[in-house]
Amino acid sequence: MTATVPPPGAKGSLRRRLWRLAETVTTPVLPADYLDMVAPLRAGADLRGRILAVRPETPDAATVVIQPGRSWRGHVPGQYIRLGVDVDGVRLWRAYSVTSAPGGRTDPITVTVKAIPDGVVSNYLVRRVRPGTIVQLDQAIGDFVLPQSAPSRVLFLTAGSGITPVAGMLRSGALAGSDVVLIHSAPTSADVVFGAELRDLAARGVIRLVERHTAVDGLLDVAELDTLVPDHCERETWACGPIGLLDAVEQHWAARGATDRLHTERFRPTIITAGDGGTVTFTRSSVTIEADGGTPLLDAGENAGVLMPSGCRMGICFGCVLPMRQGAVRDLRNGQLTTALPGDGVRVQTCVSAAAGACELEI
Amino acid sequence: MTVIQKKAVNPIAHLSAEDIETLGKELDAIRERVIADRGERDAAYIRKVISTQRKLEVGSRVVLLFSLFPPAWIVGTAGLSLAKILENMEIGHNILHGQWDWMRDPKIHSTTWEWDHVSPAEQWKQSHNELHHRYTNVVGKDNDLGYGIMRVDEDQPWHPAHLGQPFYNFVNACFFEYGIAAYDLELREKLKDGSLKNDPQFRANLKATGRKLRRQILKDYVLFPVLSGPSFFHTMAANFTANLIRNLWSHAVIMCGHFPEGVETFEKTSIEGETRGEWYLRQMLGSANISGSRLMHIMTGNLSYQIEHHLFPDLPSNRYQEIAPEVRALFDKYGLKYVTGSLPRQVFSAWKKIFRLSLPNRRRPGVVEENPTPALVPAGT
Numbered sequence: 150m151t152a153t154v155p156p157p158g159a160k161g162s163l164r165r166r167l168w169r170l171a172e173t174v175t176t177p178v179l180p181a182d183y184l185d186m187v188a189p190l191r192a193g194a195d196l197r198g199r200i201l202a203v204r205p206e207t208p209d210a211a212t213v214v215i216q217p218g219r220s221w222r223g224h225v226p227g228q229y230i231r232l233g234v235d236v237d238g239v240r241l242w243r244a245y246s247v248t249s250a251p252g253g254r255t256d257p258i259t260v261t262v263k264a265i266p267d268g269v270v271s272n273y274l275v276r277r278v279r280p281g282t283i284v285q286l287d288q289a290i291g292d293f294v295l296p297q298s299a300p301s302r303v304l305f306l307t308a309g310s311g312i313t314p315v316a317g318m319l320r321s322g323a324l325a326g327s328d329v330v331l332i333h334s335a336p337t338s339a340d341v342v343f344g345a346e347l348r349d350l351a352a353r354g355v356i357r358l359v360e361r362h363t364a365v366d367g368l369l370d371v372a373e374l375d376t377l378v379p380d381h382c383e384r385e386t387w388a389c390g391p392i393g394l395l396d397a398v399e400q401h402w403a404a405r406g407a408t409d410r411l412h413t414e415r416f417r418p419t420i421i422t423a424g425d426g427g428t429v430t431f432t433r434s435s436v437t438i439e440a441d442g443g444t445p446l447l448d449a450g451e452n453a454g455v456l457m458p459s460g461c462r463m464g465i466c467f468g469c470v471l472p473m474r475q476g477a478v479r480d481l482r483n484g485q486l487t488t489a490l491p492g493d494g495v496r497v498q499t500c501v502s503a504a505a506g507a508c509e510l511e512i
Numbered sequence: 059m060t061v062i063q064k065k066a067v068n069p070i071a072h073l074s075a076e077d078i079e080t081l082g083k084e085l086d087a088i089r090e091r092v093i094a095d096r097g098e099r100d101a102a103y104i105r106k107v108i109s110t111q112r113k114l115e116v117g118s119r120v121v122l123l124f125s126l127f128p129p130a131w132i133v134g135t136a137g138l139s140l141a142k143i144l145e146n147m148e149i150g151h152n153i154l155h156g157q158w159d160w161m162r163d164p165k166i167h168s169t170t171w172e173w174d175h176v177s178p179a180e181q182w183k184q185s186h187n188e189l190h191h192r193y194t195n196v197v198g199k200d201n202d203l204g205y206g207i208m209r210v211d212e213d214q215p216w217h218p219a220h221l222g223q224p225f226y227n228f229v230n231a232c233f234f235e236y237g238i239a240a241y242d243l244e245l246r247e248k249l250k251d252g253s254l255k256n257d258p259q260f261r262a263n264l265k266a267t268g269r270k271l272r273r274q275i276l277k278d279y280v281l282f283p284v285l286s287g288p289s290f291f292h293t294m295a296a297n298f299t300a301n302l303i304r305n306l307w308s309h310a311v312i313m314c315g316h317f318p319e320g321v322e323t324f325e326k327t328s329i330e331g332e333t334r335g336e337w338y339l340r341q342m343l344g345s346a347n348i349s350g351s352r353l354m355h356i357m358t359g360n361l362s363y364q365i366e367h368h369l370f371p372d373l374p375s376n377r378y379q380e381i382a383p384e385v386r387a388l389f390d391k392y393g394l395k396y397v398t399g400s401l402p403r404q405v406f407s408a409w410k411k412i413f414r415l416s417l418p419n420r421r422r423p424g425v426v427e428e429n430p431t432p433a434l435v436p437a438g439t
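Chains as they are written, first to last, in the numbering used here: chain A, 150 to 512; chain B, 59 to 439.
Simulated from the structure, these hints should not be mistaken for lab results. Among these hints, one or two may not hold up.
Said to hold, decoys possible - Label pairs and their computed distance ranges (CB to CB):
no., chain 1, residue 1, chain 2, residue 2, range
1, B, 99, A, 472, 23 to 29 Å
2, A, 188, B, 132, 29 to 35 Å
3, B, 132, A, 202, 45 to 51 Å
4, A, 492, B, 288, 48 to 54 Å
5, B, 288, A, 202, 22 to 28 Å
6, B, 170, A, 354, 52 to 58 Å
7, A, 287, B, 97, 22 to 28 Å
8, B, 97, A, 188, 23 to 29 Å
9, B, 287, A, 188, 26 to 32 Å
10, B, 206, A, 436, 37 to 43 Å
11, B, 380, A, 322, 52 to 58 Å
12, B, 170, A, 373, 51 to 57 Å
13, B, 380, A, 397, 27 to 33 Å
14, A, 281, B, 74, 55 to 61 Å
Just so you know, even glycine gets a beta-carbon here, dropped at the ideal spot from N, CA and C.
Could you put together the complete structure from these sequences and hints?
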């Protein structure tokens with residue numbers, strides 16, 4: 150790596166000068182590249198974590214215990230982190246809610262992952278990852294959190310892995326003394342993530358728990374809320390689950406004029422549907438065009454007047470590689486699809502890639 | 059179609075256009091198979107090589123702090139030479155080819171990597187990946203054919219200045235990285251056509267190279283000697299020696315890639331409208347391998363599999379050895395000559411050519427040589 154990035158946390162001119170000196174000694178790589186070999190979790194390093202344990206929760210969900218690096222700034226219950234793991238040698242990033250209660254900055258954190266069919270990362274985390282593995286992390290973000298002072302009456306409306314941000318809130322103890330109702334949907338009793346813990350909370354009277362086993366009783370209809378929780382519109386409500394549920398909930402609360410008491414969290418749809426051609430946006434050039442599935446992005450950009458870097462134009466020199474912020478492209482040589490979501494850090498060879506859906510290129 | 063067609067016996071005359079396209083498809087299939095299988099094992103390989111190289115470099119540099127003591131000087135210099143060779147060949151060259159881009163690791167990526175070499179990665183990528191790999195062995199297009207200072211093909215016109223080329227080649231070998239930096243800047247061309255001053259791109263490139271050169275020199279010839287205290291001059295000499303050894307080694311390996319006897323060259327017009335199959339064929343005929351041990355292959359950055367590398371410049375280098383038998387089988391199937399030999403043999407062959415071609419051609423092009431062996435007759439003899 151070229152020594153151009155200022156070291157994180159370097160304060161004071163003496164320290165900065167020493168760091169510069171270290172850079173001239175280690176050039177062309179950075180001092181950090183050497184330090185990462187021995188202390189990947191040290192303060193000042195890119196945020197990473199070490200997996201301490203993986204605990205099964207249900208047949209297809211597991212809790213991953215992570216020791217974050219010293220750069221970790223902590224989280225607020227309900228927030229999520231982006232997690233970068235190397236699956237079959239390829240770094241892939243996904244977002245997961247932090248399910249542990251906030252602790253000290255050096256305390257381990259947990260995320261709870263549900264393996265979805267064909268989910269490359271989720272299946273890797275639930276079934277394959279081994280303790281000791283180093284993963285990449287981002288600081289916790291998200292505004293699906295409790296207010297400073299806990300509301301007196303609370304409703305949580307969750308389904309599937311939608312329980313994960315709520316688990317963090319329940320475990321934090323911030324709701325002690327509040328009247329809390331949790332309506333949670335899962336296919337069967339065995340599929341309820343944190344089932345035993347939730348039932349225990351209910352048994353101890355900390356929350357009122359309504360479990361909905363959809364394989365038997367069908368999906369929850371929002372109209373049923375009137376009987377299940379008659380005062381639901383007066384409660385501060387946090388809802389997290391599939392898009393269908395959230396859409397219905399938002400309509401329902403809007404119809405009752407209670408939108409300001411509803412907080413929803415939509416997990417990013419992680420499936421980008423690939424098609425043939427699509428809208429290509431060259432973000433920094435502010436150019437948007439329609440490209441067909443047979444035209445290389447390089448040609449499409451050049452035809453639209455974008456100053457595209459280029460080289461051999463046949464896929465061998467890597468002189469045309471650009472970051473794809475999000476979208477899907479198809480390799481014209483073999484039809485292979487590459488998809489990207491924001492933060493994935495995917496770069497594509499524009500001379501041999503065509504749009505396979507909407508995509509955004511950073512140029 | 060090519061310079062090779064000027065030859066008495068054209069080594070590809072027996073191939074029809076269809077054969078060449080089928081050959082291309084068979085090579086595509088090899089590439090697809092490796093890509094489908096690429097994964098954790100490959101990622102672990104490059105990470106291990108990088109970590110080994112860094113440990114070796116740190117260890118050697120620490121030993122060299124005491125280079126006043128002859129054993130420390132010898133061990134440190136040997137270690138640093140190896141580390142520098144690994145860094146340039148198996149790591150730098152291959153990462154800058156995009157061989158590891160698929161890992162999506164921003165630390166090991168062709169767009170972010172910088173190497174221990176005076177030519178900035180950006181400029182080297184342009185002249186090497188874009189020009190040399192695209193126009194491999196096309197006389198007048200691929201400047202790697204003699205780097206613009208030597209005549210390595212009968213079809214390159216002779217000039218009295220070529221009489222000195224064995225000497226230039228030796229000097230270039232000793233200071234190879236500086237030669238490459240000047241070459242990547244196209245310094246010679248720019249001096250010739252007088253566009254030095256008014257070309258903003260060139261000035262920007264020159265500035266970048268200057269910056270890189272300063273950092274490289276500061277590290278090897280000022281900072282580490284200073285850190286060595288009383289061993290100042292010994293460390294300086296050790297670093298110079300390590301750079302010299304790295305230069306001689308990489309020059310030798312690279313010379314073996316395209317200069318040995320038996321490697322074909324091509325006419326500029328031959329690549330107009332070139333198909334995928336024809337491009338593959340040109341890479342097959344235009345490159346030569348080096349045979350040797352596993353360690354030798356790693357130290358050459360697997361450029362000892364030059365043929366496989368030129369066919370698939372973006373496949374991970376650790377895979378070249380694995381696919382070599384299949385590639386070789388295709389050479390046999392299509393009646394082509396797979397040029398390979400031991401390092402001493404190939405180096406000798408390349409040097410012989412440099413000496414021979416420092417003189418004008420002995421025979422007129424197109425004249426049949428005695429006992430012509432198709433792929434062994436260099437272009438135009």
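Item to check | Broken hints, by number | outcome: Checked against the structure, the hints that fail are numbers 5 and 13, while the rest are satisfied.
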